[in-house]
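Produce the complete structure using the sequences and hints provided.
Number of protein chains: 2
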Amino acid sequence: MKFATLNDGSRDGQLVLVSRDLSRSVAIPQIATTLQQLLDNWQQKAPQAEEVYQALNAGSLTNSQPFEQSGCASPLPRAYHWADGSAYVNHVELVRKARNAEMPPSFWTDPLMYQGGSDAFLAPYAPIEVASEDYGIDFEGEIAVITDDVPMGIPAEQARDHIRLVMLVNDVSLRGLIPNELGKGFGFYQSKPSSSFSPVAVTLDELEGVWQDAKLHLPLLSTYNGEAFGKPNAGVDMTFDFGQLIAHAARTRPLCAGTIIGSGTVSNKQGTEYGTAIAEGGVGYSCIAEIRMIETIRDGKPGTSFMRFGDRIRIEMLDQQGQSIFGAIDQQVVEYRYQG
Amino acid sequence: MKFATLNDGSRDGQLVLVSRDLSRSVAIPQIATTLQQLLDNWQQKAPQAEEVYQALNAGSLTNSQPFEQSGCASPLPRAYHWADGSAYVNHVELVRKARNAEMPPSFWTDPLMYQGGSDAFLAPYAPIEVASEDYGIDFEGEIAVITDDVPMGIPAEQARDHIRLVMLVNDVSLRGLIPNELGKGFGFYQSKPSSSFSPVAVTLDELEGVWQDAKLHLPLLSTYNGEAFGKPNAGVDMTFDFGQLIAHAARTRPLCAGTIIGSGTVSNKQGTEYGTAIAEGGVGYSCIAEIRMIETIRDGKPGTSFMRFGDRIRIEMLDQQGQSIFGAIDQQVVEYRYQG
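Residue numbers (my numbering), protein chains in the order written: chain A, 1 to 340; chain B, 1 to 340.
I should point out that these hints are in silico values taken from the structure, not numbers from a laboratory. The reader is advised that the hints may include incorrect statements.
Just so you know, same-sequence chains aren't split out, so a pair can sit in one copy or run between any two.
Unchecked claim - Calculated pairs, SDA-like style, for lysine to any residue (alpha carbon to alpha carbon, straight line, at most 20 Å):
no., residue 1, residue 2
1, Lys-184, Gly-59
2, Lys-45, Asp-12
3, Lys-184, Arg-96
4, Lys-184, Pro-105
5, Lys-184, Ala-101
6, Lys-215, Ile-178
7, Lys-45, Met-152
8, Lys-97, Gly-176
9, Lys-97, Asp-149
10, Lys-45, Pro-219
11, Lys-269, Ala-98
12, Lys-184, Val-95
Below you can see the structure in the form of structure tokens.
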């Protein structure tokens, strides 16, 4: 099944089923009006939604509407828990290498994870509002899963069974604020503003053949100001699978239905020491920080700027037939001014 | 007004108004069935609730019920945002002193803040389930506020106007997991399991004379295994007021109605270098870590153990007439075993 949430002006939006080809949608108020409601009662309601989904794809519903990605809110416009891992350890290693720091060996066995703001997600086509370009504005293309209720202390293998939906993420980061904030020792807070998610979240049966070992084996496409910027395969170099990430999150507390767990920035090692840009025949990158780190290692200093007002990032994933699976995240950075 | 959420078996519980003396309660489904609903529409619904509250206190409602704190869930059983500051910098300074580390001077001007799990709060009388005593189980007595919608970039002075409710917190901490986790650089995650809040959350007009300068000027009482353990005044040595903490949280993103902002562990400097236990005539402590730090500084090593299975912590605050304002957090630590 594919789900989206239409922005109807309410805080939680209106849940709709979206056809497999993303062309039509239908509201299902008889089953659930919001995605959180559906997740709260998944066992009971998912089979009912599946019936409607079959009819929607068969073209036999008279009440379906054209589906517009730009009319979507985040699948969960606000969520109770959003935790982001750093499963592509290559990305972390590059960060360290760029500042001549050793990476602790435990990073290969114990996931990094931080908790992000989940009360005010951006819509997939919403502008990214930032007060200053000096904050070092960056995108981070990632995969995320939404879980049902997960008990505390669950092993990784069993945690896989709690994945209900998959989507894409833009984990917006303010690189200029990170060193000071991490230096304080309490982790990210101001340096991670509102994240955005793909218009559509899908069940695992929509990913047949490409969802294996709790990883999504397809390229994640990042297009920056109209140019191909990254296409690393999300199934490659993912050190921790989603079962391991969920188990890490649930080690000392249960997770409530609707918890979102992110993969961290998708990054492929590419068989070279530094990775390679798409223009050089490589798979490129899922964030600007990574190319800057490679420039720093190679040239002694970064050459690519972080995002400026007006810059645009598009993040998408195509299936093996070239069809968009989740719809696109497509966002432009704009200047924010506080209206007192 | 005073609000509580009764545990009725549902995920969000049933919102009730509670009489000022905590003796009676009444459901207000005609206004809101959950506290989040009320916060989502505060301007419209609060005046309606105020009318019922007056009648409840006057004893003129025929449908009120006896109020039982032990039947309560957390005021918000699950919330979209829970961020905890460290406003009592004395506490932070002691942590550093115990390990012979200098505290950066910026800690006096730039608040520390971390985001905690908000999807599965513990009820105020619920057991604290932990898998191992080796995790270093500790309580942390704190004050917290609940905001309405706060715009990004708000100044501290204006942020004060967004405080809707006040309550108490037990920010349960696993001290044994903290050094390794903070050493990884991403902040707290597994070392901060589910927090708990007082049964009752109150509006500012309930705190007349003791809510000043966005601080709550009353002693926070911690009773550990039946013995008085702490009574520091929450209005003393609070370096950052709640307006400053909210403004810090909202610097790079808006806050959604229902955001909970905590004060960090309440701690008074007490005019001595090390602070003083209640038995020694001082105001004591709001967590075990603090007395252990003082023992370490004074004796070279800590003498007090962290919590063991069976230990009990009670956190409460009395008004100037000796009446409980928020009801009590009263929790026992028990062993958790994963049921596969």
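Right, here's what the structure says about each hint:
no. : hint                 : result
1   : Lys-184 with Gly-59  : neither (56 Å within a copy, 52 Å between copies)
2   : Lys-45 with Asp-12   : both (18 Å within a copy, 19 Å between copies)
3   : Lys-184 with Arg-96  : both (18 Å within a copy, 12 Å between copies)
4   : Lys-184 with Pro-105 : between (23 Å within a copy, 11 Å between copies)
5   : Lys-184 with Ala-101 : both (18 Å within a copy, 13 Å between copies)
6   : Lys-215 with Ile-178 : neither (28 Å within a copy, 29 Å between copies)
7   : Lys-45 with Met-152  : neither (24 Å within a copy, 37 Å between copies)
8   : Lys-97 with Gly-176  : within (18 Å within a copy, 30 Å between copies)
9   : Lys-97 with Asp-149  : neither (38 Å within a copy, 41 Å between copies)
10  : Lys-45 with Pro-219  : neither (32 Å within a copy, 49 Å between copies)
11  : Lys-269 with Ala-98  : within (15 Å within a copy, 42 Å between copies)
12  : Lys-184 with Val-95  : both (18 Å within a copy, 14 Å between copies)
Violated hints for the displayed structure, listed by number in ascending order: 1, 6, 7, 9, 10.
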